[in-house]
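Trainee: Given these sequences and hints, build the entire structure.
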Amino acid sequence: MTSIRKLTALTRAGVIESLQFRLGTAVTLFANLIYLALVYFLWKAIYDSSGVDAVNGMTFYDTMIYLILATAIFNLLEMFIVWDMSRAIQSGEIIMHLLKPMRYRLYTFWSYSGSHVISFFLTFLPTFIVVAIITKGAIPMGWNLLYFMISLILALIVNYNIEMLVAPICLYTESTWGINIVKETIVLLLSGASIPLAFFPEGFRRVVEYLPFRAVYDIPLTVLLGKNGTDTLQGLLPRLGVQLFWCIVLMILGNLFWNVAVKRITVNGG
Amino acid sequence: MEVQMKKKRGLRFYLSIYKKILIQDLKSKMSYRADFVISTFGMVLTNISGFITFMILFHNFPSVNGWDYHHMLFLYGFSLIALTPVQCFFDNNWNLRFMVRSGDFIKYCFRPINVFFYFISEVFDVKGLGQFAFGLGTFIYAWNKIGIPVTVVNIAEAVLFLLTASLFMIALMNLAAATCFWIINSGYVMVIMFRFKDFAKYPASIFSGVFRFIFTFLIPIAFVAYYPSLVFVTPDHVPLLSWLSPFIGIAFFYVSYKFWMLGVRRYDFTGS
Numbered sequence: 001m002t003s004i005r006k007l008t009a010l011t012r013a014g015v016i017e018s019l020q021f022r023l024g025t026a027v028t029l030f031a032n033l034i035y036l037a038l039v040y041f042l043w044k045a046i047y048d049s050s051g052v053d054a055v056n057g058m059t060f061y062d063t064m065i066y067l068i069l070a071t072a073i074f075n076l077l078e079m080f081i082v083w084d085m086s087r088a089i090q091s092g093e094i095i096m097h098l099l100k101p102m103r104y105r106l107y108t109f110w111s112y113s114g115s116h117v118i119s120f121f122l123t124f125l126p127t128f129i130v131v132a133i134i135t136k137g138a139i140p141m142g143w144n145l146l147y148f149m150i151s152l153i154l155a156l157i158v159n160y161n162i163e164m165l166v167a168p169i170c171l172y173t174e175s176t177w178g179i180n181i182v183k184e185t186i187v188l189l190l191s192g193a194s195i196p197l198a199f200f201p202e203g204f205r206r207v208v209e210y211l212p213f214r215a216v217y218d219i220p221l222t223v224l225l226g227k228n229g230t231d232t233l234q235g236l237l238p239r240l241g242v243q244l245f246w247c248i249v250l251m252i253l254g255n256l257f258w259n260v261a262v263k264r265i266t267v268n269g270g
Numbered sequence: 001m002e003v004q005m006k007k008k009r010g011l012r013f014y015l016s017i018y019k020k021i022l023i024q025d026l027k028s029k030m031s032y033r034a035d036f037v038i039s040t041f042g043m044v045l046t047n048i049s050g051f052i053t054f055m056i057l058f059h060n061f062p063s064v065n066g067w068d069y070h071h072m073l074f075l076y077g078f079s080l081i082a083l084t085p086v087q088c089f090f091d092n093n094w095n096l097r098f099m100v101r102s103g104d105f106i107k108y109c110f111r112p113i114n115v116f117f118y119f120i121s122e123v124f125d126v127k128g129l130g131q132f133a134f135g136l137g138t139f140i141y142a143w144n145k146i147g148i149p150v151t152v153v154n155i156a157e158a159v160l161f162l163l164t165a166s167l168f169m170i171a172l173m174n175l176a177a178a179t180c181f182w183i184i185n186s187g188y189v190m191v192i193m194f195r196f197k198d199f200a201k202y203p204a205s206i207f208s209g210v211f212r213f214i215f216t217f218l219i220p221i222a223f224v225a226y227y228p229s230l231v232f233v234t235p236d237h238v239p240l241l242s243w244l245s246p247f248i249g250i251a252f253f254y255v256s257y258k259f260w261m262l263g264v265r266r267y268d269f270t271g272s
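Residue numbers (the numbering used here), protein chains in the order written: chain X, 1 to 270; chain B, 1 to 272.
Calculated from the structure, these hints are not laboratory results.
In silico EDC-like pairs for lysine to aspartate or glutamate, Cα to Cα no more than 20 Å straight-line:
id, chain 1, residue 1, chain 2, residue 2
1, X, 183, B, 35
2, X, 183, X, 209
3, B, 197, X, 184
4, X, 263, X, 174
5, B, 29, X, 174
These stretches of chain B come out as covered by chain X in the derived footprint (C-beta under 8 Å, 3 or more residues):
id, region
6, 28 to 35
7, 43 to 50
8, 53 to 62
9, 188 to 200
10, 206 to 217
All C-beta atoms in this analysis are idealised placements derived from N, C-alpha and C, irrespective of residue type, glycine included.
Mentor: What follows is the structure, given as structure tokens:
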């Protein structure tokens, strides 16, 4: 069993590394705010034209909070594992990772954790505060914040496992851009990050409910807004259970695929 | 001697060079067929996903700010076509930061032709053509449904306005890419700029106040589809900005080109 000190050392290294790119963090935060303005105007116009306050249980403020924070979560969760792995495979550097006295999957997860921490405090949290102020208290402030944090961490693990399930495909083809865009498009559409799942037509939504993607965006955001009965434990626990279920299933699948794929690695020289 | 050199470098000279570089690029791409298939599939998938999002929106909301389904579809198709050139012809901007950082960029400075031209012409992105086909289909469908008369003038105007509208996104990406001459690893600037294009397909009349100014003149996504589309959608009330958009587009492109070249000069100066 890897000791916890090894893991936190990786987190610390990640924090220090991310702090090197302060400008990038500032620009991302600034872009989030401009994005916030775009979403605000677009959905305000949409709701004004419709003449009703709530559509499918979502008010204008709900939709806005949902979409802005989906973007902020996207920045927070963004990992470049597919790119990293593809580069490591093509350069042969992958062999150095495999020789490390720590399992590759574990190492990757923890070496990203530092940038997650920084990104949470420097971009997600400020965006969250701005949204909370603009929507004038439409975000409930109570235990739901704690549940949201739990749900967000589970979302991070699900997202990481999706990445890890897709990345070894790079051992079979050199089409990194193609694989990455297919993954990203599917995740963003079917998780509710592009348009809230509440707006999906009934049949389509029922299919999406059975897929793992909503565990990344829809569930944490629904929990935060306290929608669909998530303000009670009976409504909350099944959703966290769904996230946990996908964490485990995707981890097992990813492990199996990685163990098969890793046998294909051939490094010339090095 | 010098006069002769100048004469040679007209438009025809650059076109013939472009053709040669293009053929080399396509040849090298042909050797990665699986990559081509997967990337094209990915590109088609992003368009389908965008379209599904659009349909879900209209499933819940019948109109946006007075724009009904077919008019919105017109804007959507227009934006997809106008965003094709930046995808097809200017894709190499995405590699600029790696080239500058590694020092490989210096090779472009040693050729007796325009650096910007040589760098940009090196990559032609074939998969952008899928988006073009998708956009053209949507555009023609919406054009018919709205009932815009099919006249020579209208078609000529459509071509002109589509071409000039494409300059805005090209200019934005040139500016974003050129930041890498000053900031190391400035890829995120490009990623952010590229994300704004998703909002080009909505009527800019939704913005008010200072944001209207920002999205018209600073991050000019309102010119990608909205202003030029008004020429066709509301031919009786075309705002002045719509008629001016071709000139503004050329001006924007020129500024971005100058900024890019300024970066190149700075790169020369630093040496490597």
